[in-house]
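Participant: Make a model of the complete structure from these sequences and hints.
Start counting the sequence shown at 1; every next residue gets the next number (this note's numbering).
The hints are simulated quantities; they were obtained by calculation from the structure and are not laboratory data. There could be a bad hint or two in this list.
[Stated by the list, open to error] Using C-beta positions, here's what the derived DEER-type ranges look like:
1) Leu142 to Leu162: 32 to 38 angstroms
2) Ser67 to Ala134: 36 to 42 angstroms
3) Arg48 to Ser182: 31 to 37 angstroms
Only a predicted model underlies this, so the values are computations on that prediction, with no experimental measurement involved. We put the beta carbon where it would ideally sit given N, CA and C, even for glycine.
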Amino acid sequence: MASPERRVLVVCTANVCRSPVALQLLHREWTDAGIPVQVTSAGSLGGRNRVHPATLEAARFARVDLSEHESRLLTADLIDTEGADLVIGMTREHLRAAISLAPTCWPRAFTFRELVRRTSQLATPPASWEDWLAVCHEGRNLSDLIVPEPTDDLPDPYGRPLSDHIMMVQEVAGASALLARSTPS
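Facilitator: Structure below.
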């Protein structure tokens, strides 16, 4: 029996830099790994904006075309439907925004860096998506989200030089590939 299509929502601030890149790269990597997935994105402050020009340029290095992307505002409905299987925030602040809108998403909501770190620490990846998320969630404490944490927060390149956008795209590309190799279908 084929695995169901997973629904993943990626969240950043304005939905014009980090989350559109992560959307495209996660979708590509998971699809190439044979994992049926629908990846979408939104911003805690997003809404009808175009991708930052430097992110557009940096994304081209990873063969990602973001020219048609238009930002969307994060809502509880998006979390419950498009993030029904996984919510990935670029920072702890984004997780706080998601959890404040839809408190039940906590067990399936991670920062991008946290999910990559927790996945890479698994000795043996669980056989199912649900078990994978449960194991990755073990030992987490909601109160940890109160303060920013550089090991969990992917820096926002908005308003920064092109080199910062390129570094963000490179990190997201590497992390997406790692997740795809270790995510069960």
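Participant: Given a hint of 31 to 37 angstroms, does the C-beta separation of arginine 48 and serine 182 actually sit inside it?
Facilitator: This hint holds: roughly 35 angstroms between Cβ atoms.
Participant: Evaluate the given range 32 to 38 angstroms for the C-beta pair formed by leucine 142 and leucine 162.
Facilitator: holds (37 angstroms)
Participant: Regarding serine 67 and alanine 134, is the given constraint of 36 to 42 angstroms on their beta-carbon distance met?
Facilitator: holds (38 angstroms)
No hint from the list above goes unmet by this structure.
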